[in-house]
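J.: With the hints as extra help, turn the sequences into a complete structure.
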Amino acid sequence: MGISPVLWQFLVKWLNASALFPSEASTIAPYMDALYFFLLSITGIGVLLVAVLLVVFSVRYRKAVHPVATQIEGSTLLEATWTIIPLGLFLICFVWGALLYFRIYNPPVNSMNIYIVGKQWMWKAEHPGGQHEINALHVPTGQPIQLTMISQDVFHSFSIPAFRIKREVIPGRYSTVWFQATTPGEYHIFCTQYCGTNHSAMIGTITVLSPADYKKWTEESTSGMSLAQNGERLFASMGCNACHSGNAAARGPSLAGVYGSKLLLNNGSQVLVNDAYLRDAILNPSQHVTSGYTPIMPTYQGQISEDGLIDLVEYLKNLSSNDRVQQTLTTSQSDQAAPSASGVVKP
Amino acid sequence: MPKKNFINAEHGLLSWLLTGDHKRIAILYLISITVFFFIGGAFAGLIRLELLTPQGDLVSSDTYNKLFTMHGVIMVFLFLVPSVPATIGNFLIPMMIGARDLAFPKINLLSWYLYIAAGTIMLTAMALGGVDTGWTFTTPLSTHYLNTHVLTTAVAVFIAGFSSIFTGLNFIVTIHRMRCPGMTWFRMPLFVWAHYAASILMVLGTPVLAITLVLVGMERVFGIGVFDPTKGGDPLLFQHLFWFYSHPAVYIMILPGMAVISEVVSTFSRKRVFGYTAVAFSSVAIALFGFFVWEHHMFIMGVSNYSALVFSLLTMLVAVPSAIKIFNWCFTLQQGSITFETPMLYAFGFMGLFTIGGLTGVFLGSLGMDIQLTETYFIVAHFHFVMVGGMLMAFLAGVHFWWPKMTGRMYPESLSKLAAVVTFIGFNLTFMPQFILGYLGMPRRYHAYPQEFQVLNVLSTAGATVLGVGYLLPVLYLAWSLKYGAIAGDNPWQATGLEWQTQSPPLTENFPEIPIMDHEAYDYEWLEHKTQHEVTHVG
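Protein sequence lines, in the order shown, are assigned to chains A and B. Numbered according to the numbering used here, the first sequence spans residues 1 to 347. Numbered according to the numbering used here, the second sequence spans residues 348 to 886.
Calculated from the structure, these hints are not laboratory results. Hints are not guaranteed to be accurate.
What the hints assert, rightly or not - Straight-line distance between alpha carbons at most 25 Å, and here's what the computed DMTMM-like set of lysine to aspartate or glutamate pairs gives:
{"no.": "1", "chain 1": "A", "residue 1": "Lys63", "chain 2": "B", "residue 2": "Glu867"}
{"no.": "2", "chain 1": "A", "residue 1": "Lys119", "chain 2": "B", "residue 2": "Asp575"}
{"no.": "3", "chain 1": "B", "residue 1": "Lys877", "chain 2": "B", "residue 2": "Glu856"}
{"no.": "4", "chain 1": "A", "residue 1": "Lys262", "chain 2": "A", "residue 2": "Asp275"}
{"no.": "5", "chain 1": "B", "residue 1": "Lys877", "chain 2": "A", "residue 2": "Glu73"}
{"no.": "6", "chain 1": "A", "residue 1": "Lys119", "chain 2": "A", "residue 2": "Glu186"}
{"no.": "7", "chain 1": "A", "residue 1": "Lys13", "chain 2": "B", "residue 2": "Glu799"}
{"no.": "8", "chain 1": "A", "residue 1": "Lys119", "chain 2": "B", "residue 2": "Asp409"}
T.: Structure (structure tokens):
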């Protein structure tokens, strides 16, 4: 930052009070603001320079005092100067901006994951522990949090100005962003990508709590079913377990421990199994056939909502053995009704 | 006033509607774009009025969305893109290179008719209920989720695109083939160079827009699924295609503005443009680099981090030629003999506001910074600084500068100076607060907004009111001057361009005989010689 922390704090507090500057509520915010002030000073100096040149030349060479112009061809030295100096400054902006970009878009490995589903015109947040929120998000301070986001319809964009983060929420594709909140309080969530009629009503509040308060909140607001548990129900009710049972004779590959592994496909390519891959393999199975298996899995496109997909992904992430899969299979074959799950799209 | 000129050469409405004269077509364009400017401006006025209060209380959300869409579509496709090239450029390019007309007069007329067709279709779409896609037509919103006149508007933009392609094509061929004897490339005014660069962008970029709009139409009507993820399409592909045109499009809009500034600054400093070659080639560099920066509109959209790096770097490079131009114009003043007529005031305004517009572009090109600023009012402020602060100032500079040539009459000087100052103040008051709103995080295209943003929005609306006055004034006094303005004479500014060496308004064939270019561009000593010679000759 190049500026003493005390001075920085003072400056930021003063600016905050003036309502001309957003509050700094995440670990990223000071980095963003430092670059902002650097860019502001370059702009200030640039504009001042142009203004001074215009004014000084206008006064000194106005017709009244300088009736005859001296014709000048140009100057290679000056051309080189105002090519190289701006270029150098812009390159600094490039490098600095790039470092910040990588910081904001590369989450730390220990971050806690929360899913966000955007739809016209609301934000749904799904915590792994089974807390569901609409147009609201509760997070603790001091813990890196990764948001895995997807849109159910059009492009949206998830923005928390006080945290200096924003990321497009894309239909049919997971995107991620992370932050670590520093100051308890309530801040705006905005949808910043125009998404139709009530675009400006697609706003919410993020509540930053101290770790103790957050723990209290999670206990009070859980729905009783974690995402993975929901996913397990779906896995059974949609009949996934019939083929992905982990039996040696099963028609589909075992999914236990598959998350995070490198998978060899029957077209010869190797893929890393992550959230995006799992989602895509459920929706477009014929393009993701594991080596040694036949493409018999039907597509689930249009049969399962984004929330349901998140539940399944969360379930598969945590699936380490097939014991329970086989157990469920036996019970459901013995004519016990499969538990209904909320993720299935009703016709 | 000269007895015979292009205005009184023929009479009757048909003589205008069927004309092949580039000057008459330019006048037709000037009238039509002015009409569309005020329609687009009226929408902007309503937007600012709505934003006076945080609640969405003046119009409904749907109406608000239509207002900003139609403001954007009209201003971009029916005002900014054709503003300088189709009016001032059309009028002057043949004269500046010593030709009698553009290479294809009929295609020139056709491009005006296409423009009018596009405008009519667009107005029809609005009369039938409007469109609310935003001027960017983002899929899948535009293809699957809106029930408004998307197709009609897309057709209008498609046709407007062809109008622009034809203009560009005409300019390129004319500049290559129709220069008068002695008019080498490096004797051409910088106005022509910048228009040449813009024309290349029009011809190469606009077809991509046309293709994209066709795909949007096919997707909307037949559901072909190029952009639809549920059918295996890629929703981001639309944005790649759209910005592949729409980023170069901002250079289509600004280069002709820069063209005007070079002429004005030189004339009122009575000095050749400092670093002629650097300014000429910077236009070409902008056109070239302009094609390789489109992804900077998509940094937060889940593009690969490494491709973002490349596009950020290229964005920084495209900023350099603009800086070169600004400094060269500043140093054109040095050792000059400067006067401050209205076009010069607008040119000064351009240089200040374009510098801010350009440097705030560096904020957005800087990857990390873009995350906070994109899709907020900072973007709105940035492109209005370039497009309104830059382009519109340049357009007004050009209209005032060449008004005596076009009409043979002078505009009223003090009133127009007042208008220039009012415009400058109004502009800054409107858009400066929006930079602050942007960093605070206020998203663009919001019908209602949180309470804490109100003060800055009120300032912005107040500024828009002042700006509106600044734009109405020229319409009134320029219309007045058509009848009551002082007779201008051939060369009221003592400028060096060939267009000033013939009568005002010019003959239909521009010059009694084709001129021979025997000097450099902006050769004020040549002009002085010539004037003295003429004086002795007559005396």
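J.: Confirm or reject each hint.
T.: Hint by hint, here is what the structure shows:
Between lysine 63 of chain A and glutamate 867 of chain B, the direct Cα distance comes to roughly 23 Å. Compliance with the 25 Å bound is thereby established for this hinted pair. For the suggested pair lysine 119 of chain A and aspartate 575 of chain B, the alpha carbons sit about 16 Å apart, so the restraint of at most 25 Å is met. Restraint check: the Cα-Cα separation between lysine 877 of chain B and glutamate 856 of chain B comes to about 22 Å, which is no more than 25 Å; the hinted pair holds. A threshold of 25 Å between alpha carbons decides the hint, and for lysine 262 of chain A with aspartate 275 of chain A the separation of about 13 Å falls inside it, so the pair holds.
For the hint pairing lysine 877 of chain B with glutamate 73 of chain A, the CA-to-CA distance comes to about 21 Å; that is within 25 Å, so the pair holds. Taken as a hint, the lysine 119 of chain A and glutamate 186 of chain A pair is honoured in the structure, with Cα atoms around 22 Å apart against an allowance of 25 Å. Straight-line distance between C-alpha atoms of lysine 13 of chain A and glutamate 799 of chain B comes to about 17 Å, which keeps the hinted pair within the 25 Å bound. A hinted pair counts as satisfied when its Cα atoms are at most 25 Å apart, and lysine 119 of chain A with aspartate 409 of chain B qualifies at roughly 18 Å.
In summary, the structure agrees with every hint in the numbered list given earlier.
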